[in-house]
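Participant: Produce the entire structure from the sequences given, and follow the hints as far as they go.
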Amino acid sequence: MSAVKTKRDVLGTSSLRPDGNAKVKGDFAFTSDLHAENMLWGATLRSPHPHARIISIDTSAAIKIAGVECIITSDDVPGQLTYGLISSDQPVFAKDVVRYMGEPIAAVAADHPETCRRALAAITVEYELLPVLFNAEDAIGDAFQAIHPDGNVIRRQQIIHGDTSVEGDVIVEGHYVIGMQDQAFLGTESAMALPDPDGQGVEVFVATQWLHEDQKQMAACLNLPPEKIRLVLGGVGGAFGAREDISLQVHTALLALRTSRPVKMQYGREESFFGHVHRHPATVWMRHHATAEGKIVKIEARFVFDGGAYASTSSAVLINGVTHTQGPYKCPAAVVDGYSVRTNNPPCGAMRGFGVVQACFAHEGQMDKLAAAIGTDPVTIRLLNAMETGDTLITGQPVESVAPVARLIRETNEIPLPPALSLDANELDLPGGSGITAERKHIKRGIGWGVSIKNIMYSEGFDDYSTAKCTLSDGKVVLKFATSEVGQGFVTLAPQIARSVLGVTDAICDTIDTQIGSAGSTSASRQTWMSGGAVDGACRLVRERLFEHIGAQNNIDPIRFAIEDDEIVDTAGTFRISVIEASQGITISETFEHHHRATEDLDENGQGNCHVAFAFVAHRAVVDVDPELGLVKVVQIATAQDVGQVLNPLSVLGQIEGGIAQGLGLAVMEEIIVQEGRVRNPSFTDYLLPTALDAPVVVARMIEEYEPQAPLGAKGVGEPPCISVTPAIVAAIRDAIGKDIDRCPVRPQDICL
Amino acid sequence: MSVLIPHSILEASEILAQHPAATILNGGTDLMVEVNFNHRRPDSIVLLRNIAELRDWSTDAASGTITIGAGLPYAAIEKGEIARLVPALAQAARTVGSPQIRAAGTMGGNLGTCSPAGDTLPVLSALEAIVHLQSIEGARSVPFADFMVGPKRNSRQPNEVITAVTLPITEQRQGYSKVGVRNAMVISVASACFAIVNDTPRFAMGSVGPTILRAREAEAYLASAASNLNDITEEIAHEFGRIAASESRPIDDHRSTATYRKHAIGVLATRLALKGI
Amino acid sequence: MSSNEFYTLKVNGAEHQVSDAWIGESLLYVLRERLGLPGSKGACEQGECGSCTVYVDGAAVCSCLVMAASAVESEIATVEGLNTDGSLTDVQEAFVTEGAVQCGFCTPGLVMAVHHLLDENDSPSELEVKEALSGNICRCTGYGRIFAAVDKVVAVRKGAHQ
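Residue numbers (my numbering), protein chains in the order written: chain D, 16 to 768; chain B, 502 to 778; chain F, 15 to 176.
Calculated directly from the structure, the hints in this document are not laboratory data.
Each hint should be verified, as a subset may be incorrect.
[Claimed, not checked] Over 10 Å on every C-beta distance to chain D, these chain F residues come out as not near it, computed from the model:
#1 Glu19
#2 Glu29
#3 Ser33
#4 Arg46
#5 Ala73
#6 Val86
#7 Glu87
#8 Ile160
#9 Lys172
#10 Gly173
[Unchecked claim] Subject to a maximum C-alpha distance of 30 Å in a straight line, what follows is the list of computed DSS-like cross-link-like pairs (lysine-lysine):
#11 Lys776/B x Lys763/B
#12 Lys763/B x Lys754/D
#13 Lys776/B x Lys754/D
#14 Lys110/D x Lys79/D
[Said to hold, decoys possible] Coverage of chain B stretches by chain D, computed from C-beta distances (three or more under 8 Å per stretch; other residues unrestricted):
#15 536-543
#16 588-602
#17 677-689
#18 761-768
Computed from a predicted model, the values in this text were never measured in an experiment.
Just so it is clear, CB atoms sit at the ideal spot from N, CA and C, and this is done for glycine as well.
Facilitator: Structure follows, in structure tokens:
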């Protein structure tokens with residue numbers, strides 16, 4: 016027998032973040048913390064208008080300012096003038112026309128941020144204002160001339176499924192409005208570019224979600240081979256979807272190449288609001304048909320997603336929206352029409368939940384209306400219709416994933432309600448918080464439900480993969496991958512996988528950069544599955560090689576070996592050797608690319624197996640409302656989430672609680688106010704994020720059912736927490752005040768006026 | 502370009518006499534936001550933060566007043582002895598920004614900026630505070646109502662330092678409430694102070710007009726309708742709120758709507774009139 | 015009276031000379047870009063996130079709203095000065111073990127805010143913790159693990175006293 020085992024942070028344990036110590040001490044290098052000798056600062060000139068023709072750009076005065084080294088405009092872009100995640104429709108710099116307020120027009124490099132600001136102020140741009148397309152409905156049809164060569168409708172998708180002639184005994188209908196939410200990561204956009212001495216390439220430290228996609232788009236715009244653009248992940252201060260698109264990458268690299276000096280760019284908070292895409296505001300109409308008992312027989316729906324000026328991921332967001340019309344419920348027939356459109360509003364793209372947030376807000380509102388119409392309660396109606404594995408979606412796709420919807424609802428329902436608000440409740444604990452606007456007697460309590468289904472990984476035939484390399488030497492493992500660590504904890508998980516597969520204790524992550532194949536994006540709740548699968552695969556290949564090596568040395572068929580704790584054991588004999596000893600003096604390195612199963616495009620009727628897998632979650636919200644002032648305090652969120660196998664309980668809990676806070680924000684306070692294309696609140700004074708005093712008690716149950724399709728049995732857990740919590744909170748507000756509210760965020764006037 | 506750092510009020514007034522265009526800096530919580538957001542580019546700064554006498558406070562038994570130095574941070578007002586003496590002011594101070602802002606920000610700053618959303622200003626209005634100013638030409642004292650003359654406009658002369666504020670200490674009810682769309686750290690959508698001073702009701706409203714507004718008609722109604730200000734009926738309180746709301750003059754902006762603000766100020770008036778009875 | 019062609023800041027007990035600075039530079043900027051102390055983070059530039067929390071003469075304030083040149087007579091303490099021997103403070107340790115760190119951008123500011131809170135109040139109520147931390151925005155965690163970290167420090171410190 017071997018000696019007493021040291022505790023090893025394998026899969027299933029709450030292994031701690033390897034970057035935790037550095038982060039609490041302030042030693043962790045976020046991209047904005049980076050410095051280089053002889054470094055210049057970059058800054059961007061942006062359009063003050065949502066739609067205008069550019070008559071002229073005069074940089075002659077600005078370039079004369081002492082300390083200004085370089086000014087670039089569209090004329091200086093050496094390669095492709097546009098970029099984009101799905102279609103390349105967004106200019107690196109606006110040339111002839113600006114299509115949204117905040118669109119980049121020029122960039123400057125100078126010796127100090129203040130010099131940059133003065134230079135930007137000295138650039139003269141002459142505009143001819145154009146009519147502003149700000150109403151998404153006006154983008155459909157011919158009401159407004161095309162504001163972009165690609166037209167005003169980015170994509171339309173219909174779904175026609177089942178017997179569409181069916182009519183329900185009970186019909187409920189609703190119009191829902193979802194406001195524009197911002198990801199509001201705390202670490203604003205930042206990059207530092209270091210030009211190669213020969214001027215033929217550049218190294219860029221950047222906070223991004225997808226290094227290789229950035230590299231690809233930058234290469235096209237900079238007219239350089241991709242390998243000449245070496246991207247390194249700088250420390251990332253949160254992402255939530257907002258770092259999937261290019262922001263300052265091309266600008267920073269181009270300024271560095273033009274000046275032959277290191278250039279750092281970093282957006283301030285105001286600029287950050289203009290510098291990245293937001294969650295699509297949407298209007299959703301739904302009409303549910305049900306039997307007299309409340310079983311859904313058909314859903315009709317229409318979605319309009321406002322994509323803003325450029326496409327970004329609008330077409331994929333639309334598909335997520337329309338294909339999640341039914342929610343986590345059985346539905347035999349559907350007629351759905353969906354648009355994502357182009358306007359002169361800020362561009363919208365990826366944000367945690369990606370199109371499903373909008374669908375869920377509508378379908379959950381509908382479920383409550385249905386419950387009311389047939390005289391039952393929110394739990395019963397949802398249990399009655401709960402989806403199961405094997406059900407067919409309105410796209411015709413069978414649900415092969417574990418789908419414990421009824422269990423999620425029941426387990427959430429079993430979580431005890433919070434105690435009633437006491438008669439001597441502290442005023443600070445009431446709606447209105449530190450403003451002390453209410454007394455206990457003014458407050459009403461409500462309870463609401465939200466349940467959701469979310470596709471995980473990419474859809475519609477995209478060959479999605481992730482790459483990882485595992486190197487074992489002297490009992491130590493080094494893992495290499497390009498997976499963006501944005502705070503979610505993949506750098507914690509990857510070594511856990513190596514410890515479990517290889518029996519090592521010492522496992523670390525190498526620099527995250529483009530010196531290995533793509534990992535895909537840290538989005539769509541996909542990295543645990545995809546990059547986890549890649550790391551797992553690479554570690555297994557290394558294990559095979561190690562077994563072969565030990566087998567040859569000891570004349571044992573390697574097939575008989577297994578890893579048992581930190582040892583290799585002969586399962587048919589007595590031989591055993593520690594992994595540390597077994598790997599002394601050798602180096603084994605293997606790379607693995609994990610692909611998920613293929614998906615299909617949708618046909619014109621929206622039919623096809625377009626998604627890979629699904630995850631589910633239930634939320635019950637308890638809120639206190641001041642009905643007269645329209646103020647809300649979310650008291651408790653109870654949740655049961657379908658997580659597959661739990662690989663790190665502490666990390667999963669962190670995702671659940673964090674996602675809930677973001678969903679709470681969308682429910683009651685977070686909205687970018689855009690009036691006729693103009694953003695009115697681009698600051699943290701006026702774009703409100705939940706504070707510690709807004710945080711509810713979260714009681715979470717992780718529902719563990721091994722997902723057979725997933726490499727580690729685990730589902731992605733990032734997005735589901737923020738999806739159905741929003742409708743649950745809004746439903747609780749409705750319950751408290753007995754009034755219909757069909758928009759989020761809920762504003763005080765929606766409650767009390 | 503320089504930062505001038507006087508250590509006495511006298512020294513500060515001498516500096517301001519020489520540099521009337523200088524920008525006054527105390528806690529920095531207003532000025533630095535404007536600098537950081539590129540809205541202001543001050544040439545020279547006079548820092549008041551290191552003047553110890555601006556952080557003094559004292560009571561005067563004879564006049565029944567408290568005088569609070571303009572440089573005392575909100576954190577020192579929101580609790581302790583000052584909070585006991587002027588609870589409405591303490592409550593207003595507690596709603597200013599975040600703990601970090603309250604550790605730096607001062608009433609002098611609230612007065613210097615004179616935003617209609619300035620959190621302590623409704624209290625100064627309702628309690629009819631006296632604002633003390635000092636210049637090289639001498640000291641003067643101005644009632645708050647004459648001090649704030651418009652949105653972000655006041656009657657401070659460029660060479661004057663705001664030194665202190667004097668408020669009455671009353672044994673009668675006073676309260677402050679502020680509506681914001683978040684439970685902490687939020688700019689006011691509507692704020693209000695109700696106070697009874699010398700058996701007379703007073704009600705001041707913030708963020709619902711170009712300056713802090715006194716609801717004179719509502720005050721007069723309440724004084725006549727309620728024989729005992731500690732025994733106000735719900736009905737009278739609602740009418741008081743209705744009249745106060747009618748006296749507000751809010752606007753629509755990105756933080757809220759005029760309609761909501763008018764409604765909210767009426768609710769605050771009703772609740773504050775009844776609170777503590 | 016002093017003017018500021020160059021000025022000296024006292025940070026974590028050491029004096030640093032700052033020269034050729036623009037007057038509008040915030041203490042946050044000077045700490046990060048001139049003094050090599052990037053532990054304090056900037057996320058809003060207007061005192062609405064708390065990521066840049068430092069102590070100025072013992073008060074926890076937002077360094078983005080302190081004009082650096084105005085802090086010449088003050089004692090400034092940053093996250094880098096919490097523990098100079100490289101080990102973690104009890105608050106830092108609890109943030110790591112309780113899962114209060116995700117992206118970590120808000121973390122240094124929160125660590126400063128929690129130390130300040132517990133220095134003033136060794137057994138804060140749940141609401142006192144929430145109010146004291148209401149100026150520090152965290153976008154990742156939803157605050158649950160941060161509260162757990164504070165609770166843990168309070169419990170451990172109490173245990174140590176018994």
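Participant: Hint by hint, note whether the structure agrees.
Facilitator: Cross-check of the supplied hints:
1. Glu19: holds (17 Å)
2. Glu29: holds (20 Å)
3. Ser33: It holds; serine 33/F is separated from chain D by about 13 Å at its closest Cβ, greater than 10 Å.
4. Arg46: The claim is violated: arginine 46/F sits with its nearest Cβ about 7 Å from chain D, within 10 Å.
5. Ala73: With a cut-off of 10 Å, alanine 73/F remains clear of chain D, as the shortest Cβ separation is near 19 Å.
6. Val86: holds (20 Å)
7. Glu87: holds (24 Å)
8. Ile160: violated (7 Å)
9. Lys172: The assertion about lysine 172/F holds, with a minimum of 22 Å to chain D.
10. Gly173: holds (21 Å)
11. Lys776/B x Lys763/B: holds (20 Å)
12. Lys763/B x Lys754/D: holds (21 Å)
13. Lys776/B x Lys754/D: holds (28 Å)
14. Lys110/D x Lys79/D: holds (23 Å)
15. 536-543: Three-residue rule met by the region 536-543 of chain B, so holds; n is 3.
16. 588-602: With 3 residues in contact (Cβ-Cβ under 8 Å with chain D), the coverage given for the region 588-602 of chain B holds.
17. 677-689: Holds, because 13 residues of the region 677-689 of chain B bring their Cβ atoms closer than 8 Å to Cβ atoms of chain D.
18. 761-768: Per the Cβ count (4), the hint holds.
Violated hints, listed in ascending order, are 4 and 8; each of the other numbered hints is respected by the structure.
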